[in-house]
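Residue numbers (the working numbering), protein chains in the order written: chain H, 12 to 256; chain C, 1312 to 1778; chain L, 7 to 469.
Just so you know, these hints were derived from the structure itself, not from any lab. Warning: the hint list may mix true and false statements.
[Said to hold, decoys possible] Straight line, CA to CA, 27 Å or less: simulated DSS-like cross-link-like pairs of lysine-lysine:
1. L/Lys-440 x C/Lys-1515
2. L/Lys-280 x L/Lys-440
3. C/Lys-1776 x L/Lys-440
4. L/Lys-440 x L/Lys-429
5. L/Lys-359 x L/Lys-280
6. L/Lys-429 x C/Lys-1776
7. H/Lys-18 x H/Lys-239
8. H/Lys-18 x H/Lys-177
9. L/Lys-280 x L/Lys-429
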Amino acid sequence: MTMSDYKWGMAVDIDACTGCQACVIACAAENNLPINLERDFTERRAIAWIRIERYWEGEYPNVHAYFLPVLCQHCGNAPCEPVCPVYATYHNPAGLNVQVYNRCVGTRYCANNCPYHARFFNYRRPTWPETFHNYLNPDVTVRERGIMEKCTFCIQRINAAVRIAKRTGTDAPDHFMTACEQACPTDALTFGNLNDPNSRVSQLFADESRAYTLQEAIGTEPNIRYLKGVATAKAGSDEMAAAAH
Amino acid sequence: MTTTHNGHEAPGAPATQEELTQELIHDARQTGPRMRRALWILALLTALGATAAILMMLGGLDDHTRWKYYAVAYFYVFSLVMGIPMAGIGLRFARAQWRRPTSRAAELFALAGPVMLVFFLPIMAAHPGLEGRNSLWMDWRLGPWFPDLIMLTAFVCIGLAFIYVSVLPDLAAVRDHGNGRSRNIAASLAYGWIGTARQWAMHKSALGILGAMYISAYAMTHTVFATDFAMVLTPGWKDPIFPAFHAVTGLQMGLGLFIVVQFALRKWGGLARYFELEQFWAYGRLLLALTLFWFYFFWSGFILFWYGRLPHEQQIIALLAFGDPAIDNLLARPQLWMFVGAIGLSFITAFLLIMWNPVRRSILGPAVVGVVIIIGNFFDRLRIYVNTWSIEQVGGHELHEIPTNIGYPGLLEILVFIGMLSAVALMILLASRVVPFVSLWETREALLLRVVRPFGVGHAHIVAKPD
Amino acid sequence: MQDRPVLTASQINDELLWPVFELRRRHVLAFLPPFILVMAGAVAVTILIWQGLWITGLQRPAFWGFFIVNFVFWIGVSHAGTMISSILRLTQAEWKRPITRAAEVMTVFALVTSLIHPVIHAGRPWRIIYWLLPYDFTRGIWPDVRSPLVWDPVAITTYLTGSILFVFTALIPDFAIIRDQSTGMRRTIYGALAMGWRGTPRQWQLQGIFGILMSALILPVFVSVHSIVSWDFAASVVPAWHVTVYAPYFVIGAVHSGVSMVLTLMAFMRWIFKLENFIWEDHFDAVGRLLIFIATAWLFFFFLDFAFSFYTREEQEIAVMERRLLEWPFNAITIIMVMTSYVIPIPLWLNRKVRRNIALMFWTSILVNIGMWLERFFLIIPAIERKQELTFLWANYVPSLTESVIVLASFGMVAMLLIIFAKLVPLVPAWEQKEGQVFRSEVQIGEVTVPAIVRESEEPRAW
């Protein structure tokens, strides 16, 4: 199988999400994210490739919290791609938005044009305490100061799985997970190959009554769909907007 | 060829104030039998057009899609004629000397105002209202009818006031030097103008103020018309440059028509010495600038819709330019053909012609380009108004289907179109029976301000610049 | 009429060329404040590059801030030169003569200054050359021409090249004057710069043709530069940036601020270099009249942008407008912007007495530039602070001290470069001035003598 036989996607079940943030931690550990200090949060420069957005609905005491895990949507028609002057972000054959760290000069135009706020800039040189040096994932590049980074769908795991599949001659390697999916206690995140109609993620995508994409009106054609069990699931993006205000 | 007082050869211009008065007040305003016949035909066509408009109204105002060709006719004629006075006003502000013999012919087009006001009433009544639509007027119940009518009325009144003030000294000249019925009309209109210094000072500041008001009213009327009668009817179309595009294309086609009118006055009006190469060359340059503006304002909107790739904006591009992408046969996309006609003639052909100095620097060149632009912009108004008035869907943030029910104009619509044009021509020709097509006071002022003196080895024109 | 002094050619030389040949205290004093600002800016830029962008106030989602606002502002100011020299040359406005060079040179310096901003604003400035030049040939990777950030350097460097050529050709006759009046090293250098100018008819003809040609050719570049800069914002999908009116709106705003800056410059030229005999009240009057039109056109586009942000009543756009109109500090910024860029200056300029009062013109032009700087801030920042529907991430941008120092230093830089330039060549073109004197004339109408101008034309004119 070649790379273009895969189209990676993810289904996010909002009804299942409890907002526990395990995915956020798992992602940081897997992908060598810098450690976010208090200062990074107050300056609003924290880097978290997946984040849980929390929206409140209703008046106290009848309050309901929504949790919306947002990560790079790996758009089919990505606004971030054409605006990069140096091709540091591009679309790979497997449907991923790939960030090439070495090419990036840090214009941050991609981040401005991302409707999902899914791109992060390294304002500081990432540092880790001495004791953490052996903890870093050797499969993932440590990013320099002054470049953009974002969710890669754990591309190191994808590549490893595809390599193994190629070597063993098996079909779609649907048995590996991204870090966030692996950490999710409620199975809210489901990652897989969208080109395989039997994969779990394809079946979830096909769920007309629940699946929608975030900010559909922008026409980004994301590879992530959100699942929400309400009567007006199709109008979900509008509803999220309404909930947001 | 006449010769100026110091023996310098100059094409055409009368040498003395007396010659000028003689020619403009007596010779140029003879109403011959041919003119009489033309006036009658125009009056007949106007009456037919008005009748057709009434018949259309009797046919029903509920379904706005039936009015699309009326909208095209109205907004085309409106854009065509109401911008022409700007040629006089703008160049007076710019203190361009060469415009002096031509200003009057441009400003007379402000007389088209009442015609535009009358023919506006049916289209206003046919407007489907704002319910469920985006609009500038928020949820105001009277919008768009009330504000647009007020705007147009103000515009027309300013135009009439302007042309009246502008011709006032000439009316007095006709009163003093003219004869016959036109003298009596002029005498009653001139109202005590005797040309004191105080009157001239007031005249100058009134022209300044009214001119500035005309420019603002022109921009604002185009803005509300373009918004309320095209953009509002199209779900998902938000395009703040479009009103400016509408206004600029109005100027371009107006100038195109004006150059053609000058050509006609030169050829058949016996006014060749006033509409000289110098004027055509200068207006040709302006036409080049406005042609480039046509493209710039179009492109400013188009590139963003095209580049942004937002679904609702792609639909607008389909509606106004490329047609429904679902139709593979390009010949079967009417929108595409209107668009090709518009940009092909108004910009590409016009630009490729007028960009050459030999074309600009001729009498025929700018006139031919003027004709091309007039036709091209007809396609442009067709593209805008037919397509938007064919949409039945009300409201929403996205246009769901590109209308296919374009159809062809009926006899009534064609009669209305011809009627509007005839009415405008009739107004101007009638006015020209009282005041000359060339402003007497501006040309007389020009004679005062220009001098030919020896300069170096030859002679040079010296233009006085009073403050 | 009353103060339109007639000078002989040698008087013109003396009055215009003194800064080249001697150093007066006034010149040094004028140099010092901008120099100090530039030094402060240099320190700030060094710290910025050494430390990284964390010392700015940039965060998420406001990834662009003061630097970009200032970049747009200086690109805007650079539109003055072309407006004054090219458009007024093509429309044969005689009054442009003494201010052409200052305006063109300001264009060049404003462009140079503005070019610094995108460089220091990038995450890795040392790699920014990748933007401008194709790199990595072996792998066939080129800059992405789809990106507005590639259109930017192309447009700006074209404009910069054109403007430098424009300035240089207009300088050649003046270089020759200085060459002829000096000795030694200075004579050698200016001799080289004058490129063998002897003032033969053929040389003058070529210089004239080049001027006209360049004026016409640079106009499309002039319009495209700021349109492209505006598309940096408008080509994105950020709701209040993705506005079709941006291109002409930015261009007309640019001309507004640029021509106002020329007014400021004219006042300084009168005060520092004592050019009263060249820059008259008439010139302030003419620029003021021009500005009334430009400002009103700007107001029209401002109105279009403003009115249409409520047109669809989409929540993000309303949120941006709420930020602009109701929330501190943008409510103050909006009011100051509208007042200073239109409401205060334009009614004043309508009055002929004000237009001929140099101090008032100076202060109103300063007001306009405050307003136009704030206008760029007003347009760019709130939209990005309230980007898209994910309200969870909306945030307010607070610029840091470093950024503010660099912004102030940019003003110092343009001023400093202009003052250095004034030491090297006259700020008022001596040859244009002499040509202007030849073309000046007077016409007697009745009892009044009216200033008049000789019109160049190859064939006799009727009107």
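Please list, smallest to largest, the hint numbers that this structure does not respect. Per hint list: 1, 6 violated.
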